[in-house]
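J.: Listed below, chain by chain, are the residues.
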Amino acid sequence: MTGPVPPEDKRFYYSLLPFIGVSMIVVLVLAAVLAYYSLPAVKKYGATAILGREWSPSEDNPSKARYGLLIPILGTLATATIAVLIGLPIALSMVVLTEEILPYRYRGLLGSIVDVMAAIPTIVYGLWGLTVLAPLLRETLYKWLHARLGWTPLFACNPFTGTTYMTAGILLGIIVVPYIYAIVREAYRSVPKKYRHGIYALGATRLEAVRLIMGMIRSAIAAAVLLAFGRAAGETVAVALVIGSAFNAPRCLLAPGYTIASLIANQFGESFYYPYMANALYLGGLLLLLIGIAANIAGLRLLGRARSLEG
Amino acid sequence: MALIAIGLLLARGRGPGTGGHVTLQGGGSSFLYPQIQAWIDQYSRENPNVTINYSPTGSGTGQSQFLQGVLDFAGSDPPLKRGVWEKYRGDVLQVPVIVGAVVVVYNVPGVGPGLNLSGEVLAKIYKGEIEYWDDPAITSLNPHTSLPHEKIMAVHRSDSSGTTNVFTLFLHKAAPDTWPEDLVGKTIDWPVDSTGRGVGGKGNQGVAEQVRQTPYSIGYVELAYATQTGLPVARIENSAGRFIEPSNETIMAAAEGAISGMSIGPRDDWNPVFEAIVYAPGEDSYPIATLSFLILRASYNDQAKAEALAGFLEWLAHEGYKHVVKGYVPLPESARHVLTDAANILRGAQP
Amino acid sequence: MKGRLALDKAFTLAVIIVALAGIIPLLHLLATVAVRGGEAILRAGPGFFTELPAPPGSRRLGGAAPALAGSLVLAVMSTAIGVPLAFGAALFLYEFRGTRLARAARAFLMSLLEIPTVLVGILVYVLLVVPLHGQSLLAGSLALAIVMLPYVATYVESALRQVPQTYREAGLALGLTRAQVALRIVAGIARRGILAGLIIGLSKAIGETAPLLFTVGGARSSVNINPLRPGDAAPLLIFHYAQTPYDNWRMLAWGASLVLVAAVLLIYVVAKAFVREVRM
Numbered sequence: 001m002t003g004p005v006p007p008e009d010k011r012f013y014y015s016l017l018p019f020i021g022v023s024m025i026v027v028l029v030l031a032a033v034l035a036y037y038s039l040p041a042v043k044k045y046g047a048t049a050i051l052g053r054e055w056s057p058s059e060d061n062p063s064k065a066r067y068g069l070l071i072p073i074l075g076t077l078a079t080a081t082i083a084v085l086i087g088l089p090i091a092l093s094m095v096v097l098t099e100e101i102l103p104y105r106y107r108g109l110l111g112s113i114v115d116v117m118a119a120i121p122t123i124v125y126g127l128w129g130l131t132v133l134a135p136l137l138r139e140t141l142y143k144w145l146h147a148r149l150g151w152t153p154l155f156a157c158n159p160f161t162g163t164t165y166m167t168a169g170i171l172l173g174i175i176v177v178p179y180i181y182a183i184v185r186e187a188y189r190s191v192p193k194k195y196r197h198g199i200y201a202l203g204a205t206r207l208e209a210v211r212l213i214m215g216m217i218r219s220a221i222a223a224a225v226l227l228a229f230g231r232a233a234g235e236t237v238a239v240a241l242v243i244g245s246a247f248n249a250p251r252c253l254l255a256p257g258y259t260i261a262s263l264i265a266n267q268f269g270e271s272f273y274y275p276y277m278a279n280a281l282y283l284g285g286l287l288l289l290l291i292g293i294a295a296n297i298a299g300l301r302l303l304g305r306a307r308s309l310e311g
Numbered sequence: 001m002a003l004i005a006i007g008l009l010l011a012r013g014r015g016p017g018t019g020g021h022v023t024l025q026g027g028g029s030s031f032l033y034p035q036i037q038a039w040i041d042q043y044s045r046e047n048p049n050v051t052i053n054y055s056p057t058g059s060g061t062g063q064s065q066f067l068q069g070v071l072d073f074a075g076s077d078p079p080l081k082r083g084v085w086e087k088y089r090g091d092v093l094q095v096p097v098i099v100g101a102v103v104v105v106y107n108v109p110g111v112g113p114g115l116n117l118s119g120e121v122l123a124k125i126y127k128g129e130i131e132y133w134d135d136p137a138i139t140s141l142n143p144h145t146s147l148p149h150e151k152i153m154a155v156h157r158s159d160s161s162g163t164t165n166v167f168t169l170f171l172h173k174a175a176p177d178t179w180p181e182d183l184v185g186k187t188i189d190w191p192v193d194s195t196g197r198g199v200g201g202k203g204n205q206g207v208a209e210q211v212r213q214t215p216y217s218i219g220y221v222e223l224a225y226a227t228q229t230g231l232p233v234a235r236i237e238n239s240a241g242r243f244i245e246p247s248n249e250t251i252m253a254a255a256e257g258a259i260s261g262m263s264i265g266p267r268d269d270w271n272p273v274f275e276a277i278v279y280a281p282g283e284d285s286y287p288i289a290t291l292s293f294l295i296l297r298a299s300y301n302d303q304a305k306a307e308a309l310a311g312f313l314e315w316l317a318h319e320g321y322k323h324v325v326k327g328y329v330p331l332p333e334s335a336r337h338v339l340t341d342a343a344n345i346l347r348g349a350q351p
Numbered sequence: 001m002k003g004r005l006a007l008d009k010a011f012t013l014a015v016i017i018v019a020l021a022g023i024i025p026l027l028h029l030l031a032t033v034a035v036r037g038g039e040a041i042l043r044a045g046p047g048f049f050t051e052l053p054a055p056p057g058s059r060r061l062g063g064a065a066p067a068l069a070g071s072l073v074l075a076v077m078s079t080a081i082g083v084p085l086a087f088g089a090a091l092f093l094y095e096f097r098g099t100r101l102a103r104a105a106r107a108f109l110m111s112l113l114e115i116p117t118v119l120v121g122i123l124v125y126v127l128l129v130v131p132l133h134g135q136s137l138l139a140g141s142l143a144l145a146i147v148m149l150p151y152v153a154t155y156v157e158s159a160l161r162q163v164p165q166t167y168r169e170a171g172l173a174l175g176l177t178r179a180q181v182a183l184r185i186v187a188g189i190a191r192r193g194i195l196a197g198l199i200i201g202l203s204k205a206i207g208e209t210a211p212l213l214f215t216v217g218g219a220r221s222s223v224n225i226n227p228l229r230p231g232d233a234a235p236l237l238i239f240h241y242a243q244t245p246y247d248n249w250r251m252l253a254w255g256a257s258l259v260l261v262a263a264v265l266l267i268y269v270v271a272k273a274f275v276r277e278v279r280m
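Chains as they are written, first to last, in my numbering: chain F, 1 to 311; chain S, 1 to 351; chain L, 1 to 280.
These are calculated hints, taken from the structure and not from any lab test.
Since we're looking at a predicted model, the values are computed, not measured.
Some hints here could point you the wrong way.
Lysine to aspartate or glutamate pairs mimicking DMTMM-like chemistry, simulated, CA-CA at most 20 Å apart [stated by the list, open to error]:
1. F/Lys-143 <-> S/Glu-150
2. L/Lys-2 <-> F/Glu-208
3. F/Lys-194 <-> F/Glu-100
4. S/Lys-173 <-> S/Glu-256
5. F/Lys-10 <-> L/Asp-247
6. F/Lys-64 <-> S/Asp-189
7. L/Lys-272 <-> F/Glu-208
8. F/Lys-64 <-> S/Asp-182
9. S/Lys-127 <-> S/Asp-189
10. S/Lys-127 <-> F/Glu-54
11. S/Lys-326 <-> L/Glu-169
12. S/Lys-173 <-> S/Glu-245
13. S/Lys-151 <-> F/Glu-139
14. L/Lys-9 <-> F/Glu-208
15. F/Lys-193 <-> F/Glu-99
16. S/Lys-87 <-> S/Asp-268
17. L/Lys-9 <-> F/Glu-100
18. F/Lys-64 <-> S/Glu-150
19. L/Lys-9 <-> F/Glu-99
Chain F on its own, in the form it takes in the complex (with noise of 0.2 Å):
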């Protein structure tokens, strides 16, 4: 509905007042702190803090550090671009295997082993990743990559280790599909049945069955995946294990790297000794919001216009 609110609903209004008061005022606070502290940072790198490539930090000569954080924006983009190509297909094609194929016996456990999954703690998927994925991925796909397609620069470099930008970009994928599933397998169920014994009635095929559905739960597609990209831009402890810090350039993806997220979770701790580390940690924190914000605008008017034109 757009326009004024009639009047008999303003008690509603006000009543709900609060509580998106106070969402708002939260993310207002922390923007408000962020910016506070990254502040010093830009102040003395300008926009070397952003732009720049190197981190080289120094301990009794703050003149000679320099913070740049133009790689972990790109890793960050980079992996939770990659998170969501890789969860996306995955978790729709989970919510197909549940809604039509399973036998209805095993509907229920699927859909219960997936919805758990979000509950495993970050930490133990990290380790998982560590000491199960990362091997795994560079014995068999990494040095196939390399060997079959090195010719482009996302796979040029060679595998020494399986800690890479692509590793943490399939952890995050594998992370965030109980999210994609839940909610497009929530908005599958809720299309009325009479739509969905229609559709077979008429004689289509699986295939164009569920083209059809899911052209109908659009809007809830796109709500699942932005939310799985920012839950993969702002994973921490995941990508921290797996991804092999280190500052190389995100244009191999076979190459140990950082996402702003997981450079926080490294260097956070000691950057006490640092003069303009941590400030430089929190300008990150706040160019991911900022980031974030802009892409939420952007992809919630494209919802705007798909949610309008399903009625």
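Following the hints, position chains S and L against chain F.
T.: Chains S and L in isolation, oriented as in the chain F frame:
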């Protein structure tokens, strides 16, 4: 809501000193964590009215939280930097509590433990200048070992750490021309990274795991991690030119060498000792030894806390060495008086 | 006709393969937690839930009582703070979707997701822990509540949106106020989705690690449930212990992981039994 109300009621009843029970909150060095927890466990059995908590957030966080008044004491691998110490001089005490060591581990198929390495060689590896395992610099130190022609993958810490600080300090002291002073620190820009043969592991655990998984790699970790993961450990050349294996004896020898020479107390700046223990003099000294500290206030608003801490420090001095966890080395006897001195200061019995 | 069927078969096959690509790692992860965690709990016995951890390197395991108690307190407090807030926000976003305030609020809310979880903890540390001179379970709960806010709000709003407009219009046509329609009709129909939101909030409260790193205090020398004092939490215990080389501690970490996952599973099963599916 109800829970918060109950919590407030409980809070009134659980204040320090009520019914004689004291709770101390400490935190900091994750290296110190297992050892201090083992001590706390034993101490609480003998003194059930004292609860000591310790949160391993890292030395830097520990120092910063302590100075911000969030913690009662901090555990830290490096002592307070001189500038910080001067600023808080008279208000803080520092005591060494345990000795440790940084060891070099490696994963070279076919090569067993006890590879001889010198600071010069390690410096060049981590600078990227030595590329292959069969480089003449390495083979000349190990004439009886056959080394393969494979590139060396150098693993270092990704997170800021005291371990890196000690390791880089060692490299600088052993090979000052190759490893300059500005490459010493808790977190540095590793030159080997730009050759693509460097990778960071998070925590000692991460480094050990990387080395374990990556053939032809080398890394540095604290002693406890090497013994537990079963990775082969190198013998490092010390200042007397001998190749030393890390063991309780050789590590304690390094600590003895560093501390016994200096007359130093809890109120002093401990940076000189901290530096002296690395590449310490002595025939048998292991060259990469470390010292860890507790940082406390010289006086507490709550006298019960001061009493409790004093008791703990005294216990550490007299009994602590009996409860040392594998991978740690007890403080040499000649240094234990610092703990009792600090206890006396806390009790007000000593200026 | 044949072409369509062939395509359909290929599609089905593709779906199964891709889904398996996701299910297999998840199952492996669960299995790892179950096996290693089960081993630990069996070895520790019932003491796992009541005792303090044993010293590092000991043959004994002891237990994870401080962490489990702390996680319980954190779960209750953070959901008590976060879920109502998120629910109210979701309701607002649903009812007043077109307004400028709603659009801005939604963007802000979703952007919370992008803040690294560790930074949320750091910010709560700066705003709450330092002025109060102490870490606490309350600070941890606040950090968790902030982290869970966008998730719960998204799930609940998505559930509300899925209710066909016809029900809403019918309610309004019958003369109910918007509040009544939203709360009694739409939310009632969407209750399964709302429950999913509650579960996800709870899962976050139990599983998130980074927001707790600087706020809770890792106090595991005794069991503390006082929300204003430092405490421990299961993910924190796992985080600390897993990075040490001591077997008994690492077993405790796996045991704690299993307890967490099992707890959420239990809550989920019980909750689903109570909330019957709405058939349309």
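J.: Does each hint hold? Answer for all of them.
T.: Consistency of the hints with the structure:
1. F/Lys-143 <-> S/Glu-150: Holds, at about 17 Å.
2. L/Lys-2 <-> F/Glu-208: Holds - the C-alpha atoms of F/Glu-208 and L/Lys-2 are around 14 Å apart, at most 20 Å.
3. F/Lys-194 <-> F/Glu-100: Status holds; Cα separation ~15 Å.
4. S/Lys-173 <-> S/Glu-256: 19 Å, holds
5. F/Lys-10 <-> L/Asp-247: Measuring from Cα to Cα gives roughly 61 Å; hence the hint is violated.
6. F/Lys-64 <-> S/Asp-189: 12 Å, holds
7. L/Lys-272 <-> F/Glu-208: 31 Å, violated
8. F/Lys-64 <-> S/Asp-182: Holds: F/Lys-64 and S/Asp-182 sit about 9 Å apart, inside 20 Å.
9. S/Lys-127 <-> S/Asp-189: 10 Å, holds
10. S/Lys-127 <-> F/Glu-54: With a Cα-Cα distance of about 17 Å, the restraint between S/Lys-127 and F/Glu-54 holds, given a limit of 20 Å.
11. S/Lys-326 <-> L/Glu-169: 71 Å, violated
12. S/Lys-173 <-> S/Glu-245: 19 Å, holds
13. S/Lys-151 <-> F/Glu-139: 17 Å, holds
14. L/Lys-9 <-> F/Glu-208: Holds: L/Lys-9 and F/Glu-208 sit about 12 Å apart, inside 20 Å.
15. F/Lys-193 <-> F/Glu-99: Distance of about 12 Å is within 20 Å: holds.
16. S/Lys-87 <-> S/Asp-268: Answer holds: S/Lys-87 to S/Asp-268 is near 12 Å, not above 20 Å.
17. L/Lys-9 <-> F/Glu-100: It holds: about 13 Å lies between the C-alpha atoms, which stays within 20 Å.
18. F/Lys-64 <-> S/Glu-150: Violated, because 35 Å separates the two Cα atoms, which is more than 20 Å.
19. L/Lys-9 <-> F/Glu-99: Roughly 16 Å separates the two Cα atoms, so the pair holds.
Going down the numbered hints, you'll see the structure goes against 5, 7, 11 and 18, while the others check out.
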